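Trainee: Dock chain one against chain two, each of which comes alone in its own frame, and use the hints as you go.
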Amino acid sequence: MRERIGKAICVLTIGVVVALSLLFASAHNLPPPENTPLPPETGASIAGAAASAATAPLDLAKGKSVYAAQKCSSCHSIAGDGNPRYPLNSVGSHLNREDLLAWTTGTGAAAEILPPGIVKRKQRYRSLPQDDLDALVSYLSTLKASK
Amino acid sequence: MNAATAVRRPQGALWIALYIALVAFPLVILLLGGMPKGGGYWWDFSMALGFGGLAIMGLQSILTARFRRATAPFGMDIIYYFHRWIAVGGFLLIVAHYVILRVGYAGAIGPLSPLAAPWHMTAGRIALVLFGVLIVSSLWRKAFRLEYDGWRIGHAIMAVAAVVLSIVHIQGVGHYTQEPWKGTLWGAYAALWVLVVVYVRLARPWSLLRRPYRVSEVRKERGRTWTLTLRPEGHDGIQFQPGQFAWLSLRASPFRAKEHPFSFSGSAAEAGTLRFTIKELGDFTRTIGTVKPGERAYVDGPHGAFTPDRHPDAPGFVFIAGGVGMAPIMSMLRTLADRGDPRPMLLVFGNRQWEDVLFREEIDDLRGRLQLKVAYVLEEPSPEWPGLRGLLTEEVLREAIPTVDTGRLYFVCGPKPMTDSVQRALRNRGVPLSRIHFELFEMA
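Each protein sequence line maps, in turn, to chains A and B.
All residue numbers for the first sequence refer to our numbering, where the first residue is 1 and numbers rise by one.
All residue numbers for the second sequence refer to our numbering, where the first residue is 1 and numbers rise by one.
Chain B with its partners taken away, still in its complex shape (with noise of 0.2 Å):
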């Protein structure tokens, strides 16, 4: 282990011990001091459980807010899967908070039409229905055929009204919030989330207003991809770590929150400007191709955990990509080019088809820069090819790589059934899996 990560371990057990006290902040002020005479163990249990699910979704905006330190130690895709995850835990929490008043105390929680209940009551529902949405909007996003854009406004909207109403809703009841004090930090913590949406949706947009960038060149790439080049417009840009990525705006305020992630591909030892390389795959990147130099662009990062920079014992690498997951494996490999890097590395890259390969000839000159093998995987080659053929499957890997050299460290990067299927690959030939690295982003 060296000085960097024996920093960054207890950094990221601090955050997490932060992050579950501000989950358990609101139970904990609840039985500290007076206590309202108890309603039964069902009845109290439920109202609790109501105040922990309601503090997990009024936190989930946190998470999402990008703080770079907070994520820095996790990488940021393990957060936002995080957040998925905590948002059924905390669904389900308000849900059982629900169902034991619906079944042990009917007639307390009274009439569920609208028109027959107090508005406290009928704001709970409804926060309880909008939850609901969020959720299986949000998992289910690509079957119910949301587009990106609109759904992300929809779930920021519909997130913010259903903690608000949930607010209410408890303001309404008003039982456990009597006191004053009890009232007054309450008020404090709903505020810290009314703070992190002002500063998600308002502070953030604006700084990067003012940190502009300029599209310089669109490169067309093999495979119906492209690479642009961004520079800074009066600053000096971001210094960012090979394999990270960033939200970019292209042809949009970031106030819009029209915003996608793409890995950097250029060298991170190339002062200012940033090179995405970006494939048509989806809504927005089927444009990329009409981006014409000129154009502005605003980019938030950088963010994620997928790098070698975090890693400098490292005694080598193996590079493991599909497609257009190259991009962050080539910024990897031109800033370690660049930097001189002696390690050994074996690049494993699997495509289509050979005309398909990405930055062919680029790897080709890096064969002479580092200490660097490749295999190419080719999964529909022409009858003459003399390298691999199929997918990226256990057996293709055995051949791609003979011998598992088990204290490198693995960067995976491609679609998530590659991701998969190479991790197990790699773990059944004896490499720990601290030592496979991967992002959890899907790459359509």
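Same shape as in the complex, but just chain A (with noise of 0.2 Å):
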């Protein structure tokens, strides 16, 4: 008898996690905001948009193995690929490089408007090399929302 009762708790209990899980899940996924990420397939288009951009094949190249190797993706994702909370796809058409710069190292406006953790966080790519630092930001202003 107990035993039933506690198996039948245990699966309650295990429910009610789901489902509180699945309710968060729609909450924070409900209206599509005004300014919709773009969804991985006019993503695929980046590539498209790179060639078109006047930065050197190199540069670009660095940019990447930057990005890479700062780990971008686990908070960043392009084209899908990485962390889909905050998508970079079409970063390059709404910010010039100025500003792509203050977002990537937690300076200027981006300070004012980033929660201050992350501003910290962000604060360690404020040491990297200038050249890394503006291969990254070529790399970034290739990323265009396609027309």
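Please keep in mind that the hints were generated in silico from the structure rather than gathered at the bench.
Worth double-checking, as some hints may not be accurate.
[What the hints assert, rightly or not] Straight-line distance between alpha carbons at most 27 Å, and here's what the computed DSS-like set of lysine-lysine pairs gives: (1) B:Lys292 to B:Lys182; (2) B:Lys182 to A:Lys122; (3) B:Lys373 to B:Lys142; (4) B:Lys142 to A:Lys7; (5) A:Lys144 to A:Lys64; (6) B:Lys182 to A:Lys120; (7) A:Lys64 to A:Lys122; (8) B:Lys373 to B:Lys220; (9) A:Lys7 to B:Lys373; (10) B:Lys292 to B:Lys220; (11) B:Lys142 to B:Lys416; (12) A:Lys71 to A:Lys144.
Quick caveat, the model's predicted, so the values are computed rather than measured.
Mentor: What follows is the structure in structure tokens.
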């Protein structure tokens, strides 16, 4: 008797967690926000955008390697690859080089908007070599929304 | 239904509701207030599962903290089983958290190698592995031949490490705990876990230490079994209900956590004195015979819901015991006799041989003091044995209990295969499950 009740409460508890998790996931993903991040299939055209950009291929490759080395994908995604919370798919469309640098290093206007914890986390990128930062910004500026 | 059980049921429901509320707490906090931008349905689902799974794992220490008021409505044995079942459930939630990310968002969780991965991701991975090791080493402890005392200490250390690493993982990721008030609430929740561990490992051993007992008698019983008699030293002792049990520490400080659960076998009407009847079965119990009068002991109890005292309106009792499973039943019979209980009782007692029958002489004596009938069943009797033979199977029980009174309460105690088969037999003969009582602890 007690064994049955115990097992039932066990199942109930797990059920409550799964139900709340579903509710949580729905609540977080209900209405598509104004600046809808690009769905991955649009992101696929990034390569085309990159090709048309006036960035030297060498710089682009270096920017990508800085992106990878700094593990940007643990917080950001590009074309669906990485943390989907903060997609960078079209970041090159709305930010100029100066802003991109500010958001990368948590300085200027970005420092006002970002939560303090994130600004602190981004501080370490300020000490990157200048040409690494330049290459990263160049790479990010090639990420444009397709028309 | 009597007043006592009427009070107990809603109390039980209240404790269950409190437990589920504590499990749900982190998820409810996350749902409230400003929400961070969504990361996709599966992403957020995975995150929530992680929080829920960790809440279950963190609360495991509360379940086994032996809070007497909270466990009394259920019985301590079922709480320990629940601890086991829910651990598997919580672990599966955490595994799902990881698998969803591994499959759907491999880029985000980064490299596996601890050299390349951020420390908080490595912390999460180590915690996942530790939770897995905890479960495997507990469910299959005997198959791995892990010695009980060592396993218990390892279990506690690994569990604390896994929960702490998980909290480090969450703080490191930091996404949902960014808002200060959420961070504070989350911190308070984690502090609750720490408090429970401090209580279990420090405060309770300390209070046990201040209420010591001394062994006053070590008596050899039939069938490689010993009865220890304990008397409180400098305090009044505890009042138990017959059929309950306690965790006993012998030759070790309560801080060492080298304690073992045993049923009381003495009468609850005998003020102060505690008796434990223990068979030589495991590593620890084999040494029971070497205990000397005068040795110090510590007793954490009473615990358990296996007692006729919770059912004062029962019209009568049927006790079914196997071997040393007689210990708690003996406590019931002795107590009921001391109280002059007039209700009809039947004892069915299975043993290997006549010479092994624990408390044989005293049971004869009790027949004169109670409305008690006794049916002995012997597994390997001598040829001239006139009574029942074999194990306590359905056929044997049919002879031992010719007419089943479904109104009586049935108390069953013995090795697991025996209690399983007895329970089946009684149900087949129309005894409602709610009238069959047994402890779920294994005897060995």
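Trainee: Against which earlier hints does the structure fall short, listed by number upward?
Mentor: 1, 3 and 9
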